[in-house]
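**Student:** Sequence:
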Amino acid sequence: MPDRQSRDRRTGGAKAEKKEFIRETIVRDGRPDQKLIGIGVIVAVGFAVVFGIVASLTFVLSRPMWERRFPGISSVEPVTIPRDDETGSHDSEPSGDQSETAVNNTDGQAQLPESRSGSEELIDKVKAMIDGHRPGIKDYESVYGELENLVLGFNHSLVMLGRPEESGDIVGSSNEKVPGIIIAVTSNEVVILTDTRLIDVQDAMTVTFSNQQSVSAYLKAADNTDRLAVYGVAVDQLSEGLASYIDAAVLGDSYSLNSGDPVIAVGSAYGIPKSTGFGVVSFVNTAVSGVDRQVRLYVSSITGYPDSCGFILNLKGEVVGRITTEYDEDGRSGQLSAESVSDLKGYIERLSNASSTSFLGIIGTTLTRGMIDKDGIDRGVYVNDCVIDGPAYSAGLQRGDILMKVNDEEISSLKDLQACLEKMDVGGVVELVILRDSRDGYRELSFTTQAAHR
Numbered sequence: 020m021p022d023r024q025s026r027d028r029r030t031g032g033a034k035a036e037k038k039e040f041i042r043e044t045i046v047r048d049g050r051p052d053q054k055l056i057g058i059g060v061i062v063a064v065g066f067a068v069v070f071g072i073v074a075s076l077t078f079v080l081s082r083p084m085w086e087r088r089f090p091g092i093s094s095v096e097p098v099t100i101p102r103d104d105e106t107g108s109h110d111s112e113p114s115g116d117q118s119e120t121a122v123n124n125t126d127g128q129a130q131l132p133e134s135r136s137g138s139e140e141l142i143d144k145v146k147a148m149i150d151g152h153r154p155g156i157k158d159y160e161s162v163y164g165e166l167e168n169l170v171l172g173f174n175h176s177l178v179m180l181g182r183p184e185e186s187g188d189i190v191g192s193s194n195e196k197v198p199g200i201i202i203a204v205t206s207n208e209v210v211i212l213t214d215t216r217l218i219d220v221q222d223a224m225t226v227t228f229s230n231q232q233s234v235s236a237y238l239k240a241a242d243n244t245d246r247l248a249v250y251g252v253a254v255d256q257l258s259e260g261l262a263s264y265i266d267a268a269v270l271g272d273s274y275s276l277n278s279g280d281p282v283i284a285v286g287s288a289y290g291i292p293k294s295t296g297f298g299v300v301s302f303v304n305t306a307v308s309g310v311d312r313q314v315r316l317y318v319s320s321i322t323g324y325p326d327s328c329g330f331i332l333n334l335k336g337e338v339v340g341r342i343t344t345e346y347d348e349d350g351r352s353g354q355l356s357a358e359s360v361s362d363l364k365g366y367i368e369r370l371s372n373a374s375s376t377s378f379l380g381i382i383g384t385t386l387t388r389g390m391i392d393k394d395g396i397d398r399g400v401y402v403n404d405c406v407i408d409g410p411a412y413s414a415g416l417q418r419g420d421i422l423m424k425v426n427d428e429e430i431s432s433l434k435d436l437q438a439c440l441e442k443m444d445v446g447g448v449v450e451l452v453i454l455r456d457s458r459d460g461y462r463e464l465s466f467t468t469q470a471a472h473r
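For the sequence shown, the tail end lands on 473 under the numbering used here, and the numbers increase by one without skipping.
It should be emphasised that the hints constitute simulated quantities derived from the structure, not laboratory data. Since the model is a prediction, treat every value here as computed from it, not as a measurement. This list has only true hints and no planted wrong ones.
Pairs of lysine to aspartate or glutamate, EDC-like flavour, derived with a Cα cap of 20 Å:
# : residue 1 : residue 2
1 : Lys-239   : Glu-441
2 : Lys-424   : Asp-397
3 : Lys-364   : Glu-96
4 : Lys-157   : Glu-167
5 : Lys-293   : Glu-195
6 : Lys-335   : Asp-103
Full structure from sequences and hints, please.
**Tutor:** Okay, structure coming up:
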């Protein structure tokens, strides 16, 4: 052990050394330590490799669990729904692009199936009765027998949805079940469209098919504005018998539906599950103002109720309308109404592919020549109102404004606005160009907002 003297020689005296130490400045030579850098790189690469291996193993091991919990997250075939031309000609035959089968298409996409056979015979019988034949009891029996067969055939596409099962029973009464229709059958899922006006949107629902078999369904997407939702059922839940029993409905061309055409209401036509009604289209209102779109509304001779819900079919067994009470403001019409399914096809397709449509919240009217002659304005969308707290309302649009552009895209009608929003991403920045009336005439204003979830 060194003695005190030798220690003092080494330190030069503690007191003096302290002062000298304080004056010292330690300066690094600035050259990187190559050895330390090399070690750091090796360590970082090692951690990255380990993390990658752990992540891969976690994904592989957990994927079956997640696919059982959420069957829709596995690779899903896209659903495509052909659009209808509102201005085109329509004949009595279904269009070729609507006769694609919903399974095993050559392009790998789920399409709509062929309309069922026998409907042409029904139409011929009705025409024969009109063309001078004096109808008798046998004729009526034959016609209504054919209508009954059409409904029975459509039952393969009709389902009822309710809240998830508890203790083996659907929660609540049978009136808490809402109708839905199968709109596509792909290699891995059954796609079901339903109305959510009378039941809250659930992440999971119990689907009961017309043969009384029930399975669980998962939510793909919902439209809170139009109160529509699309659910999926994993095909591996279906028994062999159920898989062969179900069929996808045809979403028909409702633009060809006119006043006087026979229609069939299915689902809960009278507010009772599986109730059915027969009648004709009393009149067609082609320009009802909806939210961000124009609605074609069919009013039928069938008695309607506040809790009527479901769909209307033409005599080909195609779905041509969704039953609604939204546009019967006083609730006293007493007639069942339905909105055009052709106007909904864009929304339905996006929901079927687990996506949603952008929403601005504009309730407007398409301007036509002569509606507003001040300054010669005869195109655009006249704003009647805005949904409170919606993007357009929050941006500052007012009643009386005329919407001219959305993101530099010319808007001449509500159809243009609807088409623009259908291809717009939810959450994206939207620039609205409007004309606003003032003392000196219309002046152009721009507003910026963000597209919301419809």
